[in-house]
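Q: Listed below, chain by chain, are the residues.
There are 2 protein chains.
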Amino acid sequence: MKPATAQKRIEGVLAPVITPFRRDLSPDVDRFVKHCRWLMRSGCAGLAVFGTNSEANSMAVEEKLELLEALVTGGVPAASLMPGTGHCALTDSVKMTREAVRMGCGGVLMLPPFYYKGVSDEGLFRNFSEVIERVGDERLRVYLYHIPPVSNVPITLELIERLLTRYPGVVAGAKDSSGDWSNTKAMLDRFKDRGFDVFPGSEVFLLDGLRAGGKGCITATGNVNPGPISDVFRNFRSAEADKLQAGITATRKIVQKVPMIPALKAITAHFGNDPEWKRLRPPLVELSAEQEKQVVTELRAAGFSMPSLG
Amino acid sequence: MKPATAQKRIEGVLAPVITPFRRDLSPDVDRFVKHCRWLMRSGCAGLAVFGTNSEANSMAVEEKLELLEALVTGGVPAASLMPGTGHCALTDSVKMTREAVRMGCGGVLMLPPFYYKGVSDEGLFRNFSEVIERVGDERLRVYLYHIPPVSNVPITLELIERLLTRYPGVVAGAKDSSGDWSNTKAMLDRFKDRGFDVFPGSEVFLLDGLRAGGKGCITATGNVNPGPISDVFRNFRSAEADKLQAGITATRKIVQKVPMIPALKAITAHFGNDPEWKRLRPPLVELSAEQEKQVVTELRAAGFSMPSLG
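So the sequence lines, in the order shown, correspond to chains A and B. All letters in the first sequence, in the order written, are residues 1 to 310 by this note's numbering. All letters in the second sequence, in the order written, are residues 1 to 310 by this note's numbering.
With the rest of the complex left out, here is chain A (with noise of 0.2 Å):
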């Protein structure tokens, strides 16, 4: 494989964007792209389509493929994008991972494969490696997904440390969903300043991650409040940015009471007015009426919007 190249990463706000079904549960490609152009313009810096919030896993790939190329037709830029491609089967993950970059993709942002509990880190090795080395392209950048909550998997500092040794510039970083700060740090004090971007998965810890080294953060709630999200990033070393902070943990808490992907889903739908939004693929289901009222009468009374959306 050639060398790394120079290349502008990815940093800022990204939302993992959720996915809208049809009522047969296909992928709903227009709605997709039109909520995926909504969040550029409203202060995303990326997108991590195909993430947990997007119920990725719960589709096959050639369904997230067609909805990568329509987002890549459809004038969304294709270096902003941070696709999850990491699968239980590595020959899904290499499939996937190979034509994200071959549609130009900022980076891919890669699950450990998550169905063995208790794995070893040379087999994680061995899963990451073959997924670099078959995918052979210098203008891959690897985001390791380290979300042990879910996964069940985690990525461990050990196994970030043999990565990068191994693959300079091509491990490029880590989204950490674990949501336990001293992770978070340790991954920033030790790899930060080696060319490892480090995104906390919540906006809770986006101002403390960007004081410390951070790259800006990957989080659920960016589909539904990515303005606010984002003026945190933007104003970071401002006077303000303390109480901006403490806006957008608030909104966070509220979202958070509730199911997350479903709410997620209901906040879009009433906000934008499109009840279509609500529909969830199995395992998940939709909010209850009690769940969908306590969000969105607490978001209310706080004064949130979704500005120019629907």
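Honestly, the hints are just simulated from the structure, not real lab data. Hints are not guaranteed to be accurate.
You can't tell identical chains apart in this list, so a pair holds if it fits in one copy or across any two.
What the hints assert, rightly or not - Pairs of lysine-lysine, BS3-like flavour, derived with a Cα cap of 25 Å:
| hint | residue 1 | residue 2 |
| --- | --- | --- |
| 1 | 243 | 257 |
| 2 | 257 | 117 |
| 3 | 278 | 117 |
| 4 | 117 | 253 |
Place chain B on chain A using the hints.
A: Same frame as chain A, but now just chain B:
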């Protein structure tokens, strides 16, 4: 969907067949078919290809379909096949299940979608229901795969009740790999007289299971010890049954002292004199030399062999 018609169900010992990989990690079709034919000659009543021990989730749908097609055209009776067809992605589960039915498989062993944790029974019901409705074929026999130590997503008794009530005849049974006999017993007591066939996920529970109304077992060790395990099934009402059970339990205990999946491959490689079998796909790794030596030495000391293999 048309009602299910009477059809002979799979009963006895099934092996969740290990999958051989070539040097480039592609599935080794010929070796796979050869091993499957050996298992059927050696006492297996059926083959649960594409299970946990098969590294099924480490393969793409297309790779599995190629293997399944090769088995059927290679002379393994489709009626004895119970391929794993449950994926995280609804559309993958539908595709794989539809093809299995089209090829005439006796049943399918279906994992729940396993990425999201803590999902509701309602969400899981919708998943299985969508697959059954979309396949829409009266020949479909679904065996639910309960393996909480790996999937982290349990199949509860309440979920079985609901599925069995809605799809009698199609929902045909379960593999219980919880390792918790009290759960297996509860499944048997509640559902065994309602056309729901329970298979413990280890031969350690084979005799207890048969005495409580079970239909056999689907067990990892069936890959290497099919003859003696099948002897317990065939002789479970005889005076020899407990002694036969003690023998297969002793063998199992030797094997499971080391990681199971690489152990099965190392044993097959050693006793079949075919080192190609040792290879695994990431994230799994082969046994260490010490582990391999330990399991082989202890099996030899116990008089273990794999007759007519290799």
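Q: Since the copies are identical, ignore which copy is meant and state whether residue 243 and residue 257 lie within 25 Å (CA to CA) inside a copy, between copies, both or neither.
A: This pair counts as within: shortest intra-copy Cα distance 22 Å, inter-copy 56 Å.
Q: Give the relationship of residue 117 and residue 253 under a CA distance limit of 25 Å: within one copy only, between copies only, both, or neither.
A: between (31 Å within a copy, 21 Å between copies)
Q: Cα distance capped at 25 Å. Does residue 278 pair with residue 117 within a copy, between copies, both, or neither?
A: between (32 Å within a copy, 20 Å between copies)
Q: Cα distance capped at 25 Å. Does residue 257 pair with residue 117 within a copy, between copies, both, or neither?
A: between (29 Å within a copy, 17 Å between copies)
The structure fails none of the hints (numbered hints given earlier).
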